[in-house]
Amino acid sequence: MRTLSSVKTGEVVTVQKLRGDSALKKRIMDMGITKGTEVFIRKVAPLGDPVEINVRGYELSLRKVYADEIEVI
Amino acid sequence: MTTIALAGNPNSGKTTMFNDITGSSQYVGNWPGVTVEKKEGRLKGNKDIVIQDLPGIYSLSPYSPEEAVARNYLFNERPDLVIDIVDASNIERNLYLTSQLLEADLPMAVALNMIDAAKKRNIKIDANRLGELLGCPVIETSAIKSQGTREAVARAIELASSGDRAKPPVFSDGLERVLREISDLIRDAVGDGNLRWYAIQVFERDAEAAKTLKLSADIAGEIEKRIAAFEAEADDDSESIVTNERYLFVEKLVSETVVFDTNEKLTPSDKIDRIVTNRILALPIFLAVMFLVYFLSISTVGTLLTDWVNDVLFGEWVPGVVKSALVAIGCADWLQRLILDGIVAGVGAVLGFVPQMMVLFLCLAFLEDCGYMARIAFIMDRIFRRFGLSGKSFIPILIGTGCGVPGIMASRTIESDADRRMTVITTTFIPCGAKLPIIALISGALFSNSALIGYSAYVAGIAAIIVSGIVLKKTKLFAGEASPFVMELPAYHLPTVKGVLVHMWDRAKAFIKKAGTIILLATIGVWFLSSFDWHLRMTATEDSILADIGRAIAPVFSPLGWGEWKAAVAAITGLIAKENVVGTFGILYGYEEVAETGVEYWGQLQAAFTKLAGYSLLIFNLLCAPCFAAIGAVRREMMSAKWTWFAIGYQTALAYAASLMIYQFGSLFSGGGFTAGTAVACVLLALLLFLLFKRPYRAKIEARAGDPRRIDAV
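Taken in sequence, the protein lines are chains H and G.
Per the numbering used here, residue 172 is the first one in the first sequence, and the count goes up by one each step.
Per the numbering used here, residue 4 is the first one in the second sequence, and the count goes up by one each step.
It is worth saying that the hints were derived from the structure and are not from the lab.
Predicted model only: the values in this text are computed from it and were never measured.
Be aware that a few hints might be false.
[What the hints assert, rightly or not] The list that follows gives simulated cross-link-like pairs (lysine-lysine, DSS-like), each with its CA atoms no further than 25 Å apart:
| no. | chain 1 | residue 1 | chain 2 | residue 2 |
| --- | --- | --- | --- | --- |
| 1 | H | Lys188 | G | Lys645 |
| 2 | G | Lys477 | H | Lys196 |
| 3 | G | Lys268 | H | Lys214 |
| 4 | G | Lys477 | G | Lys645 |
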């Protein structure tokens, strides 16, 4: 299964599943990354982490470790 | 008295709205028990209406202190009505919080803010239809232009008197069925409380709601069975199910009321970001912005103003006027001294920093309000998180090279408690402007002005920050992922002059008030100790109470190589201002006035200190507790006496250990032989290595414990 951290910049993917069962998962979902949401990978920070994504029309940045918990297709 | 709560996402223009509808009668304090700022004001033109600004939040799930505060206020303290501020240009995510606020069972109005920005991007919103679907009035506003804000408040107040409550969103049939079943089971326990809200909380397995309701084991078991069955059916956990449903509700609202009549690929903000967070350009731009902030607040404007206040206003004018006034009324000598050397000098020490801080705060307020601060965290996160710091810690540390006081205050922009505390504790390790004379003294007197000494002071400061970051991060106090880096990069916008000024003044005022008292009292205290003997007679410094204290504690510093009372006294007066170390040595060596580098007594210092002892003395004074002004700033930022003492204690202990190791290992390698001191240094080194490489403390993650501190704000 592909995760958000392996997606190339400029790609649009759809969220399939969020792994884990933590406050972090809840936070990510609160920010609008829920099942079926389209996510556009805007860019990677100059030093390689975190990544910037566009979700529900706004820009969100999250670390790759968290992006790794998000399964996408 | 009517209380209106302002709720909304961060960056929704909530603070601008608050400033716009309240007059100058703002009260800024803290929510009890947490370091979350509480802002209250009265409505302009109607003093009977209290406006309560809730912290900016994305959700009401109680995982960050901000969310817990807002939730507790809305559901337990109960305002009379709520105005929900929604960023029209980012409506989808903003309506998510709205879907939760609707459940508070309070009269509510929605302010569709930043409507002009949305219109500019051709985002068309049917406000009337949105109002119908939400069941509450929706008013278009632009707080930054002061448009529609008055109407929003008026409509909200009207609503409160009509008694109309907002209607909670309706979820899918399956979820509604389970919620109905739970409602039936908890109806008695809830009594006349908010049944719908409690049912959702119980479904989400919220610990706090469970505690309040005190359900019997039978009922709790029955409920759990239903939740588990539904989870199995939906193949997801209950909390995620609800979050999904909320977003489905929001998506439906958006699809019926919003038209994105735009084929823009890139918003103006995206275009700026293409350059500002560009792979190659991001770091040079960041460094240029940092240079500009430093240049304005430390190199030029800020320092010019602060020097003027210190040297002219509180150096000549005020003391001159006060002195002639005191002489004219024939005031006793000791009282003159108290007023001039104690109080005026103390007040000067506080106020002297204010202009510099205002310039810095102006820069920071601008960077924050325009949206660049979030980009700084984005760019620098990778480096700083290794040391338990946030990307935003760069600014405090950079500013700290000029002056630790504004440096510490600049840590305010860091949201996570753990990151902010860590930054506050470590910022003053970097040599500030006032420590430069100490460096000049030691390198001039003992190292024939070698530039390496100054250079090594900065290396030592950076090393202290990194070591502290790694070591403290592994302790229970700072454990865990400091801040889950899930952060919005808000759209850039040009802040208003008024907004930036209010933002700046809020911070400066806080410093003057809170830090002022500590600095003033401490300065008077040290002045008293250094001017009086035990019979409370005025005396020269070498016969003062402070000199005796210095003699008593000097042996403590023997293992550091400078168990000399003069050095101990100098270190204590350094607490008033670090450059005092040089002056105090001068006085104790018999000079009334010395140059900033203490060149007059370099010979005496060479006789009294070996190079090694001198270097150890330098490192101790650089790393130990900062001056009172900085301690005041620490107190202000920590909002807790306990944490302030921890910071001072940690800094002093680290300074002591570092100096001891430098002196003892230095002695050993320069042929001093293995002594008891060397053994202590070995133990300290072993301890340090252990702390650096030990396994980090890991907090046990309890399933859905609802501890509001489990995740810090993002």
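Comparing the hints with the structure gives:
1. A distance of roughly 43 Å separates the Cα atoms of H/Lys188 and G/Lys645; the hinted pair therefore is violated under the 25 Å criterion.
2. A threshold of 25 Å between alpha carbons decides the hint, and for G/Lys477 with H/Lys196 the separation of about 23 Å falls inside it, so the pair holds.
3. At roughly 15 Å between alpha-carbon atoms, G/Lys268 and H/Lys214 fall within 25 Å of each other, so this suggested pair holds.
4. Pair hint G/Lys477 plus G/Lys645 holds up; C-alpha atoms about 20 Å apart against a cutoff of 25 Å.
Of the numbered hints given earlier, the model fails hint 1 alone.
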